[in-house]
Structure formats: structure tokens, C-alpha cells
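**Q** Protein sequence lines, in the order shown, are assigned to chains C and W.
Here the first sequence is numbered in the working numbering, starting from 1 and rising by one per residue.
Here the second sequence is numbered in the working numbering, starting from 1 and rising by one per residue.
It is worth saying that the hints were derived from the structure and are not from the lab.
Errors might be hidden in some of the hints.
Unchecked claim - Derived DEER-like restraints, expressed as beta-carbon distance ranges:
hint	chain 1	residue 1	chain 2	residue 2	range
1	C	Q162	W	N227	41 to 51 Å
2	C	P284	W	A240	25 to 35 Å
3	W	G241	C	F222	53 to 63 Å
4	W	Q164	C	V110	32 to 42 Å
5	C	G283	W	A25	42 to 52 Å
6	W	A25	C	Y175	26 to 36 Å
7	C	S13	W	D211	31 to 41 Å
Predicted model only: the values in this text are computed from it and were never measured.
Think of the CB as a built atom: it goes at the ideal place given N, C-alpha and C, for glycine as much as any other residue.
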Amino acid sequence: MCGIIGVIDRARSGMDGSGIKKALSLMNERGSGEGAGYVAYGIYPDFPDCYALHVFYDNLVEPKKKVDDLLEKWGRIVHQEEIPTYEQPGLKKQHIPWRYFYKPHKDLKVGSSSPEDDLVKTLVMDINSRIEGALVFSSGINMGVFKAAGWPEDVADFYRIQDYKGYIWLAHNRYPTNTPGWWGGAHPFNLLDWSVVHNGEITSYGTNKQYVESNGYKCTMFTDTEVVAYLFDILGRRHGLASDMVVKALAPPFWDEIDEMPERERKINHAMRLTYRSAQMNGPFAIVVATSQGIVGFTDRIKLRPMVVGENGDKLYISSEEAAIRIMDPNVQNIRMPRAGEPVIGRVIV
Amino acid sequence: MEKVVIDAKGMHYTPLNKQVRQAVASGAKEIEINNVLGQRFIADGLRGDVKITINGIPGGDLCMFMNGPECTVYGNCEHAPGNTMDGGMIVVHGSAGDAVAHSMRGGKVYVRGNIGYRGGIHMKEYESKKPMLIIGGTSHAFLGEYMAGGLIMVFCMAEEPFMQDRGIGSGIHGGEIVIRGEVADRLLGVGAKKVEFTETDLKRLSPVIEDFCSRFNIDPAPLMNTNYTRIVPSSSRPFAGKYTWE
Numbered sequence: 001m002c003g004i005i006g007v008i009d010r011a012r013s014g015m016d017g018s019g020i021k022k023a024l025s026l027m028n029e030r031g032s033g034e035g036a037g038y039v040a041y042g043i044y045p046d047f048p049d050c051y052a053l054h055v056f057y058d059n060l061v062e063p064k065k066k067v068d069d070l071l072e073k074w075g076r077i078v079h080q081e082e083i084p085t086y087e088q089p090g091l092k093k094q095h096i097p098w099r100y101f102y103k104p105h106k107d108l109k110v111g112s113s114s115p116e117d118d119l120v121k122t123l124v125m126d127i128n129s130r131i132e133g134a135l136v137f138s139s140g141i142n143m144g145v146f147k148a149a150g151w152p153e154d155v156a157d158f159y160r161i162q163d164y165k166g167y168i169w170l171a172h173n174r175y176p177t178n179t180p181g182w183w184g185g186a187h188p189f190n191l192l193d194w195s196v197v198h199n200g201e202i203t204s205y206g207t208n209k210q211y212v213e214s215n216g217y218k219c220t221m222f223t224d225t226e227v228v229a230y231l232f233d234i235l236g237r238r239h240g241l242a243s244d245m246v247v248k249a250l251a252p253p254f255w256d257e258i259d260e261m262p263e264r265e266r267k268i269n270h271a272m273r274l275t276y277r278s279a280q281m282n283g284p285f286a287i288v289v290a291t292s293q294g295i296v297g298f299t300d301r302i303k304l305r306p307m308v309v310g311e312n313g314d315k316l317y318i319s320s321e322e323a324a325i326r327i328m329d330p331n332v333q334n335i336r337m338p339r340a341g342e343p344v345i346g347r348v349i350v
Numbered sequence: 001m002e003k004v005v006i007d008a009k010g011m012h013y014t015p016l017n018k019q020v021r022q023a024v025a026s027g028a029k030e031i032e033i034n035n036v037l038g039q040r041f042i043a044d045g046l047r048g049d050v051k052i053t054i055n056g057i058p059g060g061d062l063c064m065f066m067n068g069p070e071c072t073v074y075g076n077c078e079h080a081p082g083n084t085m086d087g088g089m090i091v092v093h094g095s096a097g098d099a100v101a102h103s104m105r106g107g108k109v110y111v112r113g114n115i116g117y118r119g120g121i122h123m124k125e126y127e128s129k130k131p132m133l134i135i136g137g138t139s140h141a142f143l144g145e146y147m148a149g150g151l152i153m154v155f156c157m158a159e160e161p162f163m164q165d166r167g168i169g170s171g172i173h174g175g176e177i178v179i180r181g182e183v184a185d186r187l188l189g190v191g192a193k194k195v196e197f198t199e200t201d202l203k204r205l206s207p208v209i210e211d212f213c214s215r216f217n218i219d220p221a222p223l224m225n226t227n228y229t230r231i232v233p234s235s236s237r238p239f240a241g242k243y244t245w246e
């Protein structure tokens with residue numbers, strides 16, 4: 001059991017982190033104090049075209065030297081600093097959160113249609129699998145993940161997320177069941193522009209892990225959710241599928257439902273199931289994925305985890321519980337529970 | 001004793017439930033809880049003859065294990081109101097989440113709007129204890145999953161076509177599910193079968209329809225002059241050959 005919530009302002013108006021902190025704390029019963037985290041988009045207007053690399057360091061000597069050398073070899077560090085944190089009595093600081101604003105040298109990557117993304121992706125995989133004491137947990141442009149092992153309000157206050165203004169926020173309250181609770185295992189999981197929060201288990205993790213690894217990704221977080229970020233990167237960025245099609249690949253309709261579809265739709269769904277057989281996810285899940293362009297929420301096909309949706313003007317909310325949405329926005333309208341596997345999509349309109 | 005009014009704004013469920021229990025222990029017959037937002041476990045295990053009004057959105061497992069009280073909610077419910085409820089009543093003037101009336105053993109749950117997935121999962125009955133889950137709107141999939149007893153009725157008052165979600169009565173081995181309108185065969189779960197809804201059934205269930213309508217101030221006539229589909233177990237042991245060998 002975990003708690004998730006996401007919000008987008010489709011007109012890109014900034015919201016500070018205080019609202020989502022309240023919403024996530026309201027669902028404390030869904031967590032165990034072993035992991036909480038937030039991600040926000042549009043928070044670094046001073047570095048609008050730099051990759052914001054958030055890194056957990058065990059110390060600032062050996063691992064940081066290695067990361068600095070690697071980053072400087074493949075690009076330019078425009079600015080770097082410790083992420084400001086504020087001591088909380090209920091939270092033990094186990095790592096030093098650091099951030100780089102980074103521009104990769106795209107000329108160094110040939111044969112790619114998105115050389116900068118590919119370079120940064122390779123750097124993240126390299127650092128996380130080879131440099132002990134360093135973990136890149138956020139690597140997109142003008143966005144950032146803030147997470148730790150602790151309760152939602154402690155993690156929020158540790159980073160003072162109310163000081164950041166984003167037009168998209170996702171948040172997650174973790175109740176680890178079959179993998180350890182640690183800073184890197186807290187959600188959201190991020191790679192490049194993709195961020196994921198997830199309630200449930202991916203029982204198809206083995207198959208999915210093989211699939212992403214055969215596509216050049218390395219699983220280093222000791223938990224299932226990171227494959228979802230990599231699956232979205234493969235299907236959404238590299239294969240260029242729209243987010244509703246990615247959801248169709250990951251949580252496809254049942255065969256008997258496909259058989260009843262009109263011919264064109266049946267052919268598409270048939271092809272999707274065959275093509276993305278190894279990307280399909282099984283098990284109970286409710287997931288919200290964000291990019292700078294929007295959010296998408298979906299559940300497993302037999303709906304073993306809750307998901308509630310609400311709207312208010314430009315704002316779209318997706319949450320495990322209705323009350324969490326209402327505490328953020330008492331005037332929310334159109335509260336509904338989407339069907340299993342139905343993608344709920346909020347795109348920016350400006 | 002007069003009505004007890006509790007303001008639950010920002011309150012955790014533990015002190016809230018303590019106040020509810022204190023009120024019942026001191027003889028209150030009516031409790032009004034205002035500004036409820038996400039508090040779980042309200043009135044859980046509560047016994048007695050008391051009417052509780054909840055204004056707001058109660059959290060999960062409302063009235064779990066409850067026996068006796070009548071709880072009216074002016075708002076939506078989250079997951080599993082009426083979980084393993086023993087007796088008494090929940091009236092929801094809104095919609096409710098997944099697993100409504102989960103494992104319910106007795107009493108009534110009325111929902112004016114819709115319910116989520118797995119409503120009435122593993123409801124059961126024993127002798128005079130026969131739980132009822134009555135839905136004004138519609139239900140998502142796996143309604144009455146593993147149902148062992150009791151009654152589920154779905155009036156589909158807002159939906160056209162009536163019932164669209166699959167897996168109705170998946171693994172049902174007791175009790176009955178009555179749904180307004182036609183239900184396509186492909187929507188039936190394993191172990192469920194449709195039987196004719198007769199005049200005798202209508203006569204038997206009209207007091208339920210009338211009581212539901214009077215609670216929500218709805219005209220019962222359209223629900224009396226309509227057709228229903230009745231779904232019952234095809235056998236008392238639908239998975240007899242699946243997990244055991246004889």
C-alpha cells in the first residue's frame with residue numbers, strides 16, 4: 001500500500017509545494033515513514049535549458065570527484081551546489097543531496113536523434129552502476145525530484161518544497177513491502193523528462209527488467225518502479241508513442257475485449273500486444289507519470305489499486321484518495337473513478 | 001440526551017473515534033460529525049442504537065465491524081465502507097470507492113451514486129443475518145466477487161446502457177445479484193448464471209426498493225415498472241476442480 005497524488009496546471013501557472021505536502025500527509029496511513037518524495041516541473045527558471053542532475057552523495061570526496069570528472073568529460077557544468085536542506089528531528093540525513101545544472105556536448109554522441117538525452121541517460125546509468133557513493137535520482141530539464149526515507153511532511157520540510165514553484169507536482173508516500181526502504185528507493189523515480197509514482201507491485205518485474213536491460217538501461221534502485229520510468233523512456237521518447245499508446249502497451253485490454261473491437265482498433269491493439277509483449281506490466285498498480293508536457297495516470301487492468309480524478313479549471317488532479325485532492329483544492333469538481341487501464345491524461349495547453 | 005456535534009476539521013481518526021465512543025457511552029442517540037475529510041475507520045466496531053450523520057468525505061473502512069448504528073454520509077466515501085459490517089446501516093448520499101461492503105455479514109449499505117470495483121466482495125449470510133448492498137447508480141467490474149450470501153441490487157439510474165463492466169459475480173457461490181436492465185452474457189464472471197426475474201422476485205424485493213427510494217426521496221415507480229436481471233451461483237462450489245482433486 002502506498003499513497004500517490006499528482007496535479008497539473010494546464011496553463012502552466014506555478015503552484016508552491018505546500019498544497020501537495022498537505023495532501024500527501026493526509027494519506028499517511030498509506031505509508032510507513034520509510035520513504036516519501038516529490039517532483040516538480042518548471043522549478044528552475046534560471047537554468048531553463050540545463051539538465052538538472054540531482055545526486056545523492058555518501059561523501060563529497062571520492063564519489064563526487066569521479067562524477068565531476070565524468071560530467072566534465074562529456075559536457076559542461078554550468079552551475080553546481082548542495083541542494084538546500086533543513087534538519088528535521090524525524091529524519092536522519094543519510095546522503096548529501098547535490099545538484100548540477102549541466103549541458104552535455106551533443107557532438108560527442110553520433111547516430112542519435114536526441115543526442116543530449118542519450119548522453120545524459122548514459123551518464124546516469126554509468127554513475128549509478130559504477131560509482132559507489134553516488135546516485136543520480138533526477139536528470140530532467142527544469143524539473144527536480146526531492147525524496148528521502150521519512151514521512152511526507154518531514155521530507156517536504158527537509159527540502160522546504162514550499163520554496164519551489166512548479167506547474168506539475170507528483171508526490172508519493174511509501175510503504176515498502178518486498179524491497180528495502182532507502183533514499184534511492186523512495187519515489188518519484190525519474191529519468192530525463194520522465195517521473196513516475198506508483199502504488200502497488202509490478203509482478204512482471206523480471207520480464208520488464210530484461211526488456212529494459214536489453215535496451216541499454218541498468219536497474220540500480222532495488223525496487224520495481226524504476227522499470228516504469230525506463231519503459232516510458234523507451235516507448236515514449238525513443239519509439240515516439242503518444243502517452244495513451246504507451247499505456248495501451250503497458251496495461252493492454254484483454255484478448256476477449258480486443259476480439260470484440262471494430263477491425264481497425266482490433267488490428268492496432270493486436271499489434272501492440274504482440275510488439276510490446278515484454279513491456280506489458282502485470283500485478284496490482286496505480287501509476288502517475290509526468291513529463292514537462294503533462295501527466296498520465298492509469299491502473300492495472302483488473303483495478304487492484306485505487307485512483308480518483310478531479311478537475312478545477314486548468315487543474316487536473318489524480319490521487320489514491322478523494323480527500324487528498326479536496327484538502328489541496330476544496331472547490332474541485334468532477335470527481336470520478338476511471339475504469340481499469342483507462343489512461344487519464346492532462347496536457348499543458350500553452 | 002441531546003444531539004452531540006463533533007467538529008472533525010484537521011482531527012486524526014483516533015481522537016475522533018474516541019469522541020464518538022464517549023458520546024455513545026454517555027447515551028447519545030444522535031451524533032453529527034462535521035468537516036470530515038479523509039478520516040478512516042469512523043464508527044468501526046461501534047455498537048448501540050445511535051444515528052450518526054457525517055458531513056464530508058470519510059476515509060476508508062467506514063463502519064467496519066459495526067453492529068447496530070445507522071450512519072448517513074452527505075458526501076462520497078473512499079474504499080470499503082461497511083467492511084465486515086455485522087448489523088446496522090450506512091446511507092451514502094454520494095458515490096463510494098472500491099470494495100464497498102467487503103465481507104459484509106449483516107445490515108444494509110445504500111449508495112445513491114456509483115460504486116467502484118469489487119462491490120460486495122465476499123458478502124456472506126447466516127440464518128437470519130442477510131446483508132444488503134443497494135446501489136442507485138452503477139458499479140464497476142467484479143461486482144459480488146466470491147459472493148457467499150446476501151443481496152446486491154444495482155438500479156443503474158444514471159447509466160445507459162445499464163451495466164457495462166465485466167466479471168459480475170466472479171466466483172459467486174451464494175446470495176443473489178439483481179441488476180436493472182439486460183446484462184450481456186459476456187459480463188458474467190466464472191460461476192455466475194442468469195435466471196429469470198419473476199413476479200415473485202419483484203414482490204419479495206419491493207420493500208427493499210421502496211425503502212431505498214424513501215431514504216433518498218426518489219420516486220419508486222420507475223424502479224417497480226422495469227425489467228431486472230437476476231444473477232445467482234451456478235454451483236455452490238465454482239472452483240471445486242481448480243484447487244482440489246477428489
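**Q** Sort out which numbered hints this structure fails and list those numbers smallest first.
**A** The structure conflicts with hints 1, 3, 4, 7, although it agrees with all the remaining ones.
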